[in-house]
Structure formats: structure tokens, C-alpha cells
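K.L.:
Sequence:
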Amino acid sequence: MKFKILLASVLVIAGCQTTKETTQVDTNQTKTVVEQPTNTPVVTVVPVIKKPQPITVKLTPQQQQDVWDRIAMQITTKIPNNKRVQYYRNWYLKNPRNLEIIAQRAQPFLYYITEQVEKRGMPLELALLPIVESSFDPHAYSSMAAAGLWQIIPDTGRRFGLKQNSWYDGRRDVVKSTTAALNLLEYLNKKFDGNWQQALAAYNTGEGRVFSAIRKNKAAGKPTDYWALDLPNETSSYVPKLYAVADIIMHPKKYGFHIEPISNKPVIAVVKPGVQMDLTIAAEFAGISTRELKDLNPAYRRGVTAPNGLNHLLLPINKVKRFRRELAQNRNASMITHHHRVKSGESLGLIAKRYHSSIKAIQKVNKLKTTNIRIGQSLTIPASPISLVNRQHRAAVHVEAQHYVVQSGDNLWDIARKHKTSVVKLKQLNSLSKNAVLHQGQRLKVSTTATSKKTAANHKTIHYKVRNGDSLSVIAQRYDVSVAEIKKWNNLANNKYIKQGQQLKLVIDRRKVQA
Numbered sequence: 001m002k003f004k005i006l007l008a009s010v011l012v013i014a015g016c017q018t019t020k021e022t023t024q025v026d027t028n029q030t031k032t033v034v035e036q037p038t039n040t041p042v043v044t045v046v047p048v049i050k051k052p053q054p055i056t057v058k059l060t061p062q063q064q065q066d067v068w069d070r071i072a073m074q075i076t077t078k079i080p081n082n083k084r085v086q087y088y089r090n091w092y093l094k095n096p097r098n099l100e101i102i103a104q105r106a107q108p109f110l111y112y113i114t115e116q117v118e119k120r121g122m123p124l125e126l127a128l129l130p131i132v133e134s135s136f137d138p139h140a141y142s143s144m145a146a147a148g149l150w151q152i153i154p155d156t157g158r159r160f161g162l163k164q165n166s167w168y169d170g171r172r173d174v175v176k177s178t179t180a181a182l183n184l185l186e187y188l189n190k191k192f193d194g195n196w197q198q199a200l201a202a203y204n205t206g207e208g209r210v211f212s213a214i215r216k217n218k219a220a221g222k223p224t225d226y227w228a229l230d231l232p233n234e235t236s237s238y239v240p241k242l243y244a245v246a247d248i249i250m251h252p253k254k255y256g257f258h259i260e261p262i263s264n265k266p267v268i269a270v271v272k273p274g275v276q277m278d279l280t281i282a283a284e285f286a287g288i289s290t291r292e293l294k295d296l297n298p299a300y301r302r303g304v305t306a307p308n309g310l311n312h313l314l315l316p317i318n319k320v321k322r323f324r325r326e327l328a329q330n331r332n333a334s335m336i337t338h339h340h341r342v343k344s345g346e347s348l349g350l351i352a353k354r355y356h357s358s359i360k361a362i363q364k365v366n367k368l369k370t371t372n373i374r375i376g377q378s379l380t381i382p383a384s385p386i387s388l389v390n391r392q393h394r395a396a397v398h399v400e401a402q403h404y405v406v407q408s409g410d411n412l413w414d415i416a417r418k419h420k421t422s423v424v425k426l427k428q429l430n431s432l433s434k435n436a437v438l439h440q441g442q443r444l445k446v447s448t449t450a451t452s453k454k455t456a457a458n459h460k461t462i463h464y465k466v467r468n469g470d471s472l473s474v475i476a477q478r479y480d481v482s483v484a485e486i487k488k489w490n491n492l493a494n495n496k497y498i499k500q501g502q503q504l505k506l507v508i509d510r511r512k513v514q515a
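Start counting the sequence shown at 1; every next residue gets the next number (the UniProt record's numbering).
It should be emphasised that the hints constitute simulated quantities derived from the structure, not laboratory data.
A hint or two may mislead.
[Claimed, not checked] No farther apart than 30 Å at their CA atoms in a straight line, the calculated lysine-lysine pairs in the DSBU-like style are these: (1) Lys163 with Lys499; (2) Lys425 with Lys487; (3) Lys163 with Lys190.
From a predicted model like this one, the values you see are computed outputs, not experimental measurements.
Starting from the given sequences, assemble the full structure and let the hints guide the process.
P.N.:
Given below as C-alpha cells:
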């Protein structure tokens with residue numbers, strides 16, 4: 001019995017082994033072993049796929065949408081939280097309208113200035129300096145004769161290459177003055193061995209005064225850092241103002257402050273038309289208002305670019321193509337023109353003289369081969385820069401003309417005597433030639449009366465103390481007025497000299513005085 005049970009067990013074990021049978025497949029390639037499936041359950045392993053984490057790309061300062069952010073990201077100067085900085089920071093926070101107006105004014109210029117500061121590797125808070133200097137007003141003019149965004153005085157301007165004459169003031173030229181101001185700041189930084197706070201103080205008050213304050217503190221055994229120096233009140237508050245603004249720009253959320261964004265892309269471009277231009281025509285070509293063009297180009301004093309090659313213009317970058325196209329289509333016509341109908345007794349020379357033009361210019365515009373003209377002929381007269389200045393003067397001065405109608409038997413001498421003038425004056429007023437013949441019914445100008453239209457609304461009276469080396473012409477140029485006006489305001493005789501310490505009354509255009 002035991003034997004039968006043992007034999008059955010052996011057969012069962014042998015049967016189990018035969019169920020797992022391997023078959024060898026003969027192929028021309030590597031031998032493949034095929035295993036027959038077993039009854040063992042198959043477990044499928046599903047891999048766990050992790051969701052990709054979003055990659056955060058940190059934008060560089062230059063990739064920011066807002067120029068204020070571009071500046072803030074690059075300010076590495078440690079802003080002290082002392083009482084002076086706190087005072088001005090609180091002032092700006094309590095007067096948000098101030099920075100709101102400044103942001104509007106800065107919109108055309110801040111990107112350009114920021115780029116220039118970056119290129120030189122200078123501290124980025126320097127791009128904010130026009131806020132402290134001029135509130136970003138391109139027309140700003142101080143009682144100390146500092147002008148433009150960077151408030152540069154005449155002597156410093158000339159020293160750093162800014163031309164100044166009756167036509168053009170480089171201190172108000174945004175591009176040229178930015179170059180000069182940054183050159184000056186770099187120079188001062190080197191003079192003060194890399195100390196930017198002392199350099200900024202010197203920019204405001206002059207390097208001599210800062211060096212004097214440093215020597216005074218050294219002699220007294222006191223610290224010589226900016227915060228310890230005995231400087232004028234304006235200079236003592238100069239750096240704190242800049243740092244206060246920089247701190248707000250860097251931490252707007254911290255202070256709950258919002259400043260109007262400025263697009264981080266170029267918005268202005270320098271264009272060189274190659275000809276002297278009336279700003280009114282330039283504005284028309286660009287498709288912008290004359291006011292906007294003048295705000296971008298405050299360096300031109302007479303409403304026209306300068307005749308000595310200084311005729312570049314700052315234009316909105318999206319208006320440059322239109323300006324160039326219009327200029328080309330108008331054959332570089334850059335000045336105002338007049339239309340004149342030739343009268344009896346007139347010559348081309350007299351007409352040219354009347355309009356401050358030239359015979360050649362009139363011939364060229366009207367395609368005249370000779371100087372011969374005929375009565376009733378219509379001429380286009382190109383105005384010269386002088387006539388443009390006269391036109392601006394006439395816009396400010398209302399001219400009332402008195403006329404006389406020629407009667408039978410009249411002559412110039414009788415008409416002149418009757419109206420208390422001279423024959424020469426009559427000829428000048430009426431552009432009459434030497435041998436002009438009068439005709440009955442002819443209308444003649446016999447006198448003109450000028451009345452000023454200047455209003456007190458745009459002007460401010462200041463009192464100026466004459467300094468060593470001053471002259472009437474120097475003061476006139478400094479305040480953009482004429483010598484004749486200074487004499488008139490102060491009842492000065494033609495041969496009277498001015499003295500150091502003398503007080504002079506000056507009537508200054510409010511739009512050119514720093515707010």
C-alpha cells in the first residue's frame with residue numbers, strides 16, 4: 001500500500017514538471033527560447049509620471065516693461081535711513097502729485113538717460129537726478145542761471161562743450177546736456193576718489209566748496225563723509241532727496257506708492273535734417289503739435305534751429321519716417337514762405353530787402369532767369385532766419401498801421417510833412433523805389449504803432465545782484481533777455497556802467513524759471 005502511494009506521488013511530481021515545457025525554435029538567427037505561459041498571475045507595474053514643474057524665468061533689468069523697474073533692479077547703493085532721508089521720503093509720500101507730474105514729464109527722456117547711465121557703468125540712481133534738479137522740466141531755469149533738465153550753469157556748460165548763443169542753448173538740449181552732465185559727474189567722482197556722495201555734493205555746489213569742507217573737518221578731527229560735512233542747506237539736502245526718491249522707486253509696495261509706468265523702450269530719436277528749420281514747419285512734417293516739438297527741443301531760443309549747423313531735432317521715434325518723407329516731398333523746404341504780388345515801382349532787390357530774403361533765393365524758388373519782374377506778378381518769397389525772428393517778435397507785439405489814400409496832386413514830401421514823418425520812412429514802409437510815382441487812390445502806410453501783448457501771466461520779475469565780471473550782455477544772455485530791455489527796466493543810460501553788488505530788475509519768462 002505504501003508503495004502505491006509513493007508511486008502515485010512520483011507520477012504527480014513528474015506531471016507537474018511536464019507542464020512547464022520549453023520548445024527550441026530553429027531559425028537562421030540567434031536561437032530564441034519560447035516559454036509557455038504558466039498559471040502564475042501577471043502583475044502590471046504602472047510607472048508614476050511626475051507633472052513638470054513650471055520654470056520661472058527671471059527677467060533682466062533690460063527686459064522689464066517699466067523703466068522704473070529697470071532702474072530699481074540695478075540700484076546697489078545702500079540707502080541710509082537717517083533723519084534727512086526720512087524727511088524727504090515722507091515729503092514725497094505725502095505729496096504724490098509731485099512725482100505724478102514728474103513721471104509725465106520724464107516719459108520722453110527717462111529711457112534714454114537710463115541707457116546712457118548704464119553704458120558708463122555709473123550708479124543707476126543717477127538716472128533719477130533730474131527729478132531733484134529740475135523735476136524733469138526741460139524748460140527749467142533757476143535764479144542762479146542754471147538751465148535744463150540737469151540745471152547746468154553757463155560757465156560749466158561751456159567747460160563741458162555745450163554751445164550757448166542767441167539761437168541755441170546746449171544746456172537745454174536733452175541729448176547734449178545729458179552727455180555733459182554725466183561727463184561732469186564722472187570727473188567729480190574721480191576728483192573725490194570714487195566717493196559718489198561727495199561728487200554729487202560737488203555737482204550741486206562746486207568742487208571747491210566741498211574740498212574746503214573736507215579740509216575743515218580734517219583739521220578739526222571730524223569725519224569727512226558727506227553726512228558730516230558743513231555744506232550749504234541746499235547741498236545738505238541734495239543727496240537725501242535723491243536717496244529718498246530712489247528708496248521709493250525701489251520699494252513702491254512697501255510704501256504703498258504708485259508711480260505712473262514708463263515704457264521700457266526708446267521713444268525719441270535724433271534727426272539731422274541738414275537745413276535750418278522753422279519749428280512750426282518741422283512739427284507739421286512730423287505730425288505733432290508745435291508745443292510738443294518745442295518741449296522736446298527747448299534748446300532753440302527763437303522757434304527755429306540755429307544757422308551754424310546746430311539744426312538736429314529730437315522727435316518721437318514713431319514720427320521720424322513721416323518727418324523725413326514730408327521733408328523730402330517738400331524739397332527740404334524748411335522755412336516759412338510769403339506770397340507777394342509785385343506793385344508799381346518795386347524791384348526784386350526791394351522785395352528781397354522787405355522780406356529779409358535775397359535776390360538769388362527769390363530767383364531760385366520762382367525759377368527766374370533774370371531779375372526782371374512785372375506789375376501784378378505773383379512771387380513766392382522764402383523767409384530768412386532774420387524774418388523768422390521778426391515774425392516771432394510781431395506775434396508778441398501788436399502793430400497798428402495808419403494809412404493814407406493818395407489824392408490828386410499829392411507827392412511824398414507833402415504826405416511825409418503832413419504825417420510828421422520822412423520821405424525815407426514812407427519809402428521803407430511801402431517798399432517804394434527811389435523814383436516811384438504815386439497814383440491817385442493809392443493806399444500808403446504813413447506810421448505804425450506797436451503795443452506789447454506780453455502778459456504778466458507768463459512773466460516773473462526778479463532782482464539780480466551784479467557779480468564780479470558781469471556785464472549787461474552777460475546778464476542778458478544768462479536770462480534770455482536783451483540788453484535794451486535791461487536798460488529799460490532799470491532806467492540805465494547808454495553809457496552807464498553797472499557795479500558789483502548793484503541790484504537789477506529783470507522780467508523773466510515764467511516758463512523758463514524752475515518751479
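K.L.:
Would you mind marking each hint as holding or not holding in the structure?
P.N.:
Hint by hint, here is what the structure shows:
1. Lys163 with Lys499: It holds: about 28 Å lies between the C-alpha atoms, which stays within 30 Å.
2. Lys425 with Lys487: With Cα atoms ~26 Å apart, Lys425 and Lys487 stay inside 30 Å; holds.
3. Lys163 with Lys190: With a Cα-Cα distance of about 25 Å, the restraint between Lys163 and Lys190 holds, given a limit of 30 Å.
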